[in-house]
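Take a look at the letters that make up each chain.
Number of protein chains: 2
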Amino acid sequence: MKKLINDVDTVLTDALDGLAQAHADILTVAPAHRFVRRRTLTPGKVALISGGGSGHEPLHAGFVGHGMLDAACPGQVFTSPTPDQMLAAAESVDTGAGVLFLVKNYAGDTMNFQMAADLLDRPNDTVLINDDVAVENSTYTVGRRGVAGTVIVERMVGAAAERGLSLAALKTLGDAVTQRTASMGVALTSCTVPAAGSPTFTLADHEMEMGVGIHGEPGRRRVPLAAARDIAAELTGSVLSSLQLARGQEVILLVNGFGGTPLMELYVMVNEATTRLAGAGITVVRHLTGNYVTSLEMAGCSITVSAVDADAIALWDAPVHTAALRWGM
Amino acid sequence: MKKLINDVDTVLTDALDGLAQAHADILTVAPAHRFVRRRTLTPGKVALISGGGSGHEPLHAGFVGHGMLDAACPGQVFTSPTPDQMLAAAESVDTGAGVLFLVKNYAGDTMNFQMAADLLDRPNDTVLINDDVAVENSTYTVGRRGVAGTVIVERMVGAAAERGLSLAALKTLGDAVTQRTASMGVALTSCTVPAAGSPTFTLADHEMEMGVGIHGEPGRRRVPLAAARDIAAELTGSVLSSLQLARGQEVILLVNGFGGTPLMELYVMVNEATTRLAGAGITVVRHLTGNYVTSLEMAGCSITVSAVDADAIALWDAPVHTAALRWGM
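These protein sequence lines are chains A and B, in that order. First residue of the first sequence: 1, per our numbering; consecutive thereafter. First residue of the second sequence: 1, per our numbering; consecutive thereafter.
Possibly wrong hints are sitting among the right ones.
In this list, chains with the same sequence are indistinguishable; a pair is considered to hold if it fits within one copy or across any two.
Unchecked claim - Restricting the straight-line Cα-Cα distance to at most 20 Å, the calculated cross-link-like pairs of lysine to aspartate or glutamate (EDC-like) are:
| # | residue 1 | residue 2 |
| --- | --- | --- |
| 1 | LYS2 | GLU207 |
| 2 | LYS45 | ASP230 |
| 3 | LYS171 | ASP94 |
| 4 | LYS2 | ASP230 |
| 5 | LYS2 | GLU234 |
If you're looking for bench data, these hints aren't it; they were derived computationally from the structure. Since we're looking at a predicted model, the values are computed, not measured.
Construct all of the structure, not just a fragment, from the sequences and the given hints.
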């Protein structure tokens with residue numbers, strides 16, 4: 001295992017300390033590294049909290065800031081955070097308008113966020129994100145997994161929260177964005193959890209895992225490595241098959257790297273995906289390309305399509321200032 | 001070789017087509033993929049042109065846009081662009097105030113940019129970037145190599161050009177920023193040039209290359225993998241030894257990933273580097289953390305320190321809108 005770390009036991013806390021140094025204008029890290037929160041809160045705004053296992057950086061802490069999250073609770077690598085982290089975060093960032101949890105669909109995350117929501121006596125104030133169309137049930141889930149579409153949900157709900165929408169309206173919006181967002185990924189290599197010290201799974205020299213999860217969970221099938229155009233055709237085809245969009249529909253296209261794939265290759269995938277979407281009569285009106293929901297150093301990528309109307313585009317374009325997404329300010 | 005590509009012969013053009021799709025609001029790609037330029041030019045502004053081998057994305061095309069470059073000339077992977085690309089770019093973006101070339105110090109790049117400058121009859125309108133303190137001469141250079149500090153030079157000169165500075169003043173500024181900027185990197189793994197099909201060099205399971213170049217060129221020495229704190233100590237120590245800064249000096253710290261290192265590990269390095277700089281009496285006033293000057297999928301990172309005063313901080317903070325760096329707009 002070759003990693004730029006001091007010790008497998010301190011990688012998370014060392015990284016959070018570095019995040020706090022690098023983005024002191026945006027965020028702070030709570031005592032005992034329990035959560036990351038905005039430096040400055042907006043009184044009366046609904047607080048948005050997400051979280052999950054680490055190793056997917058910049059998700060979620062990299063999306064704390066104006067126009068996205070108020071707090072993020074980091075678990076150990078690929079391990080859910082605990083309810084006490086979520087409760088501490090909620091107590092810290094709730095300025096009176098309530099707290100909405102944005103939760104990726106994994107058994108540990110949903111169980112612990114539900115426990116926190118129950119303890120807050122707000123058991124329904126959660127948006128469940130399940131955009132991965134690769135498999136219906138998986139190693140760590142009942143139902144679809146939550147993957148890179150999380151960025152789009154956090155952005156849309158985050159922008160709407162800045163406008164002062166109510167908690168109920170934000171939950172409705174979050175559910176609606178999730179419904180119209182779909183993703184699927186492919187892995188060319190595995191990744192190594194620091195505490196494990198060896199790769200999570202193995203892929204032969206000429207194999208790829210089609211439909212892989214962001215923890216290296218199995219996808220639909222293991223197949224020989226194919227050309228980018230064929231991979232893009234399957235990923236976009238699966239996503240479009242799930243979304244069932246009308247011709248002429250406008251979308252956001254997110255080509256998301258898993259951490260170990262060069263940006264050059266992601267742009268090759270952008271070109272192929274855009275061509276295939278155009279062929280299906282779908283128009284990409286906004287692009288996001290890069291490493292946003294990663295799996296440590298895994299090579300591969302996912303394609304996310306999110307159907308948008310003028311209101312959604314306005315939310316997407318609204319000012320945002322986080323470690324990983326920034327525009328308009 | 002496992003890559004998300006169609007063919008080794010089309011990887012560059014496919015990637016440029018994807019870049020053009022993803023960032024159509026900012027840039028266009030010229031016919032025959034000879035250069036990437038801003039969609040909209042500012043009449044009377046000095047035009048800034050950079051370029052070099054591809055495989056370092058987002059450098060340089062990802063820095064085309066308001067507040068940075070006017071055009072970038074991409075060579076094949078790890079191969080210099082040609083003088084005719086530079087001349088075509090200059091003709092396209094010169095709005096009357098002249099063209100300044102920003103060139104990383106590699107033999108092929110300097111020779112070809114010099115030929116273009118001579119043909120334009122402006123042989124001295126070039127800033128030579130040579131921030132890598134690892135080695136004095138190298139595989140492809142006489143003198144120090146140009147590496148991640150290039151981002152800082154392109155940003156500072158780019159911001160100054162928007163203010164309307166003259167070509168002579170911009171060259172003076174670029175030379176000055178280069179002088180006060182130093183970098184050094186480490187590789188944990190090699191990288192594979194698509195057309196070659198096999199790794200550029202080999203590293204044993206427990207080795208790293210200290211002082212590596214961004215094409216995998218040898219650095220100072222090959223040593224056993226060390227803890228992040230020890231790597232950061234050597235990289236920051238070498239950089240500070242070169243810059244000879246006074247205690248109390250303010251700096252920008254760029255922790256740059258080479259493409260295959262998780263963001264989590266880069267933040268571990270930020271934490272260690274910041275601690276070491278503080279120990280030397282140096283204050284980091286701005287951070288940039290991420291994959292900006294990469295070596296395909298190489299694992300590793302570099303540390304860049306650039307000494308700044310209030311004027312330089314104002315240039316850094318000025319609005320920028322490129323594919324890879326964006327704030328204030």
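Quick rundown of the hints versus the structure:
Proximity of LYS2 and GLU207 under a CA criterion of 20 Å is satisfied inter-copy only: 9 Å between copies versus 23 Å inside one chain copy. In this homomeric assembly, LYS45 and ASP230 never come within 20 Å of each other (Cα to Cα): the closest approach is 45 Å inside a single copy and 44 Å across copies. When the C-alpha separation of LYS171 and ASP94 is checked against a cutoff of 20 Å, the pair qualifies only within one copy, where the shortest distance is 16 Å, while the shortest distance between copies is 51 Å. Taking the shortest Cα distances, LYS2 and ASP230 sit within 20 Å of each other only across copies (15 Å), while inside one copy they are farther apart (32 Å).
In this assembly of identical chains, LYS2 and GLU234 lie within 20 Å of each other by CA distance solely across copies; the values are 18 Å between and 33 Å within a copy.
Violated hint for the displayed structure: number 2, the only one.
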